[in-house]
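> Protein chains in written order, with the UniProt record's numbering: chain V, 1 to 570; chain E, 1 to 205.
Misleading hints may appear alongside valid ones.
Claimed, not checked - Below are the DSSO-like pairs computed for lysine-lysine, each with C-alpha atoms no more than 30 Å apart in a straight line: (1) 102/V with 46/E; (2) 29/V with 46/E; (3) 46/E with 69/V; (4) 153/E with 46/E; (5) 288/V with 313/V; (6) 69/V with 143/V; (7) 48/E with 69/V; (8) 98/E with 138/E; (9) 98/E with 48/E; (10) 126/E with 98/E; (11) 143/V with 451/V; (12) 56/E with 102/V; (13) 153/E with 56/E; (14) 439/V with 475/V; (15) 418/V with 439/V.
These are calculated hints, taken from the structure and not from any lab test.
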Amino acid sequence: MATPEGQGQEAGAYPEPAIEAQPHLPTGKELGEASRFAYTALCGMSLAWLFPDPEQSSFRTEFVESLVKWLELSETVLPSMVAFANGLGGEEEATFAEILLKDPVLKNDPMVIIQDLLAFSLRNGCYDARARVLVCHVTWLLKIPPEELENLEEMFLESLKERQEEESEAAETSRKKRENRKKWKRYLLIGLATVGGGTAIGLTGGLAAPFMAAGAAAIIGTTGAAALGSVAGIAVITSLFGAAGAGLTGYKMKKRVGAIEEFEFLPLTDGKQLHITIAITGWLCSGKYGMFTTPWATMARSSEQYCLAWESKYLMELGSALETLLNGLVNMMAQEALKYTILSGILTALTWPTSLLAVANVIDNPWGVCLRRSAEVGKHLAHVLLSRQQGRRPVTLIGFSLGARVIYFCLQEMAQEKDCQGIIEDVVLLGAPVEGEAKYWKPFTKVVSGKIINGYSRGDWLLSFVYRTSSVQLKVAGLQPVNLDDRRMVNMDLSSVVSVGSPFPGALEEEGKDCQMQTRACSFSHSNLPLLESGCFLVLSAEGDPQDTQTQREPSLPPRSLPCSGQGDK
Amino acid sequence: MDEDVLTTLKILIIGESGVGKSSLLLRFTDDTFDPELAATIGVDFKVKTISVDGNKAKLAIWDTAGQERFRTLTPSYYRGAQGVILVYDVTRRDTFVKLDNWLNELETYCTRNDIVKMLVGNKIDKENREVDRNEGLKFARKHSMLFIEASAKTCDGVQCAFEELVEKIIQTPGLWESENQNKGVRLSHREESHGGACGGYCSML
Numbered sequence: 001m002a003t004p005e006g007q008g009q010e011a012g013a014y015p016e017p018a019i020e021a022q023p024h025l026p027t028g029k030e031l032g033e034a035s036r037f038a039y040t041a042l043c044g045m046s047l048a049w050l051f052p053d054p055e056q057s058s059f060r061t062e063f064v065e066s067l068v069k070w071l072e073l074s075e076t077v078l079p080s081m082v083a084f085a086n087g088l089g090g091e092e093e094a095t096f097a098e099i100l101l102k103d104p105v106l107k108n109d110p111m112v113i114i115q116d117l118l119a120f121s122l123r124n125g126c127y128d129a130r131a132r133v134l135v136c137h138v139t140w141l142l143k144i145p146p147e148e149l150e151n152l153e154e155m156f157l158e159s160l161k162e163r164q165e166e167e168s169e170a171a172e173t174s175r176k177k178r179e180n181r182k183k184w185k186r187y188l189l190i191g192l193a194t195v196g197g198g199t200a201i202g203l204t205g206g207l208a209a210p211f212m213a214a215g216a217a218a219i220i221g222t223t224g225a226a227a228l229g230s231v232a233g234i235a236v237i238t239s240l241f242g243a244a245g246a247g248l249t250g251y252k253m254k255k256r257v258g259a260i261e262e263f264e265f266l267p268l269t270d271g272k273q274l275h276i277t278i279a280i281t282g283w284l285c286s287g288k289y290g291m292f293t294t295p296w297a298t299m300a301r302s303s304e305q306y307c308l309a310w311e312s313k314y315l316m317e318l319g320s321a322l323e324t325l326l327n328g329l330v331n332m333m334a335q336e337a338l339k340y341t342i343l344s345g346i347l348t349a350l351t352w353p354t355s356l357l358a359v360a361n362v363i364d365n366p367w368g369v370c371l372r373r374s375a376e377v378g379k380h381l382a383h384v385l386l387s388r389q390q391g392r393r394p395v396t397l398i399g400f401s402l403g404a405r406v407i408y409f410c411l412q413e414m415a416q417e418k419d420c421q422g423i424i425e426d427v428v429l430l431g432a433p434v435e436g437e438a439k440y441w442k443p444f445t446k447v448v449s450g451k452i453i454n455g456y457s458r459g460d461w462l463l464s465f466v467y468r469t470s471s472v473q474l475k476v477a478g479l480q481p482v483n484l485d486d487r488r489m490v491n492m493d494l495s496s497v498v499s500v501g502s503p504f505p506g507a508l509e510e511e512g513k514d515c516q517m518q519t520r521a522c523s524f525s526h527s528n529l530p531l532l533e534s535g536c537f538l539v540l541s542a543e544g545d546p547q548d549t550q551t552q553r554e555p556s557l558p559p560r561s562l563p564c565s566g567q568g569d570k
Numbered sequence: 001m002d003e004d005v006l007t008t009l010k011i012l013i014i015g016e017s018g019v020g021k022s023s024l025l026l027r028f029t030d031d032t033f034d035p036e037l038a039a040t041i042g043v044d045f046k047v048k049t050i051s052v053d054g055n056k057a058k059l060a061i062w063d064t065a066g067q068e069r070f071r072t073l074t075p076s077y078y079r080g081a082q083g084v085i086l087v088y089d090v091t092r093r094d095t096f097v098k099l100d101n102w103l104n105e106l107e108t109y110c111t112r113n114d115i116v117k118m119l120v121g122n123k124i125d126k127e128n129r130e131v132d133r134n135e136g137l138k139f140a141r142k143h144s145m146l147f148i149e150a151s152a153k154t155c156d157g158v159q160c161a162f163e164e165l166v167e168k169i170i171q172t173p174g175l176w177e178s179e180n181q182n183k184g185v186r187l188s189h190r191e192e193s194h195g196g197a198c199g200g201y202c203s204m205l
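When you get a sec, could you build the whole thing from the sequences and use the hints?
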């Protein structure tokens, strides 16, 4: 695959953008041998830590082997690199990272490594989720702010787009101006110079996938390992952005699948990015939150985000049932009783206030319907993702309430498939009405490359209530941590952030109800992983009255024996 | 993993450039000799199972590059090593003199103080010897190391060097037993290593 000479020829055929005069940033293989060794070792060791599972061993080995070739390191280092990738080298990533940071060629600019690793990861037109997790990890090890990686990814894309503009004089000058602004873009454009005029491909509208292909070839040309400017190469790169440029929004359910009536992706953002996020709404209700997209307005996980619209009819029914329940039917007495039981931590299926149980039928039916449908939708989503409708890019899934349940079943379905690895980057489940026993979550580690985040709220009485009869499960993920021993699993106690139940008059206002069930708006103020890791994961509980939230935030809730269902008495 | 293997030991080979570290390893693992062996890049890794006193031990041998340009990388391999083979060339006195530096480095980066050290004087098949056997022996005694003279070319003493080292490691209580159980607790251990502390390899159990 590696045909470095191809790059040379094409450079000759298309020497236009005179960038040579500008300061030259080294590519990965221009680093010293010791640095290249450290770079590969760093990746190898990181892989060993990130993906220790035996089923990932071929991925690890292949990755380092290709990286050795990519960096033109001598083959004699292969045994030690493979050993590193299999965890035999210990955990010296930090040491290697420091060695790299001291490299004189890098001149304290470790972005060179990230850029190179990114180019390497994209070389086959497939941005594997595991590769992205690795890139993120290495970015972190090299103490580079995650936003820079995000920028870099965007710049990769931008430079692809620019390739498409006709090389008119005007465009040329303006582009050159822009080049000067960002040294990285300039660096990428060096690659563009190496792409032959023969790759001039018309814009096809939409995502312009073929064009992307030409541009990506350019980038790859930069490091000279693969000249993908050929037709075959274009076909390969096309895969990165979804079949024929249509992508997710172009996805239409061909026929009614099972019991699913509605399944559609709505774009949340205009941008394009090398990784995408799909948000899944848990329920709808009248007013502002009648739209699938509303809760995600402030989310900025990726500049390319979608929202899954599914079964709005039933979600709306559920929403209005919740509304009814909270607005009128639950009388003051029940609220007082709830407050008491929640605070004292004795809330169990048996202690539900009778007044609440009396109105249970309002909610139980739509809830049951949505539980079933969410599972179906999850399975369908799994197959959409497996068929790579989104392109060969990492996907992050985020959902609350029944949306989290969709994700749960999506992961479950994917875990049964053979080629399920490297598609999902992170998943975030907020207030998920699903089984919280760790053994059910174990298979997800195979599917998810990055983090599995379970945001739970111990005092979410509504979730405990509606889930009380749904099954005999004793643990609900949305109410307590999932005790899965894996680096991916992150449990987040949102009890203090999410305004729970808030069965107080103030919270029963029009807006207040929105935060009853779970989080409405998830604001990732920054779109990065370490931020999530460090717990700065910010969940805004809509417009819930802060004071009421405050009173609810009692730490006296029991740690484990939480009320979830069980012996549902009606 | 092999059932009958008692333990896996991490062995490190260090020494100046060109003293024959890789040749010794190649002779030991593959029983071959290549006079034109290229300089090692970074580090080489080989696994070999040997049997000492009826105990089978799997050796994970890290053969480091002696060249100056790779010197920055060496500290990364020391951690967790149970045995180290320090090689010098008997026909080049400078490689013997530099041993002190290597011992210093070992002291600095090695995470355990009971690591077993073996000094190997290589290339004894050559005529122009510059370092006397007694000198080597004296130096080894002074720093409480095992000592042997060897030749990767003629196969002299190579097997013996590794065997004695392993024997000594197995005889040293606490040096290798804990290592087996350490695998499960990597995560917690890891935190420390990221802090940049070099003494992070304390036993966890």
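> Is residue 143/V close enough to residue 451/V, meaning Cα to Cα at most 30 Å?
Roughly 20 Å between the alpha carbons, so the hint for residue 143/V and residue 451/V holds.
> Taken at face value, is the distance from the CA of residue 46/E to the CA of residue 29/V at most 30 Å?
With Cα atoms ~26 Å apart, residue 29/V and residue 46/E stay inside 30 Å; holds.
> Taking 30 Å as the top limit, are the C-alpha atoms of residue 439/V and residue 475/V close enough?
Between residue 439/V and residue 475/V the Cα gap is close to 12 Å, so the pair holds against 30 Å.
> Between residue 102/V and residue 46/E, is the straight-line Cα distance small enough, at 30 Å or below?
Between residue 102/V and residue 46/E the Cα gap is close to 29 Å, so the pair holds against 30 Å.
> Given the hinted pair residue 56/E and residue 102/V, is their Cα-Cα distance within 30 Å?
41 Å, violated
> Residue 153/E and residue 56/E: Cα distance at most 30 Å?
26 Å, holds
> Is the hinted pair residue 98/E and residue 138/E satisfied, with a Cα-Cα distance of at most 30 Å?
15 Å, holds
> Has the given pair, residue 288/V with residue 313/V, been kept, meaning a C-alpha gap of at most 30 Å?
16 Å, holds
> Does the alpha-carbon distance linking residue 46/E and residue 69/V stay inside the 30 Å limit?
Roughly 20 Å between the alpha carbons, so the hint for residue 46/E and residue 69/V holds.
> When you check the alpha-carbon spacing of residue 153/E and residue 46/E, does it fall within 30 Å?
19 Å, holds
> Quickly compare the C-alpha distance for residue 69/V and residue 143/V to 30 Å and report which way the hint goes.
26 Å, holds
> Quickly compare the C-alpha distance for residue 418/V and residue 439/V to 30 Å and report which way the hint goes.
Holds - the C-alpha atoms of residue 439/V and residue 418/V are around 20 Å apart, at most 30 Å.
Against the hints set out earlier in the document, a violation occurs for number 12 only.
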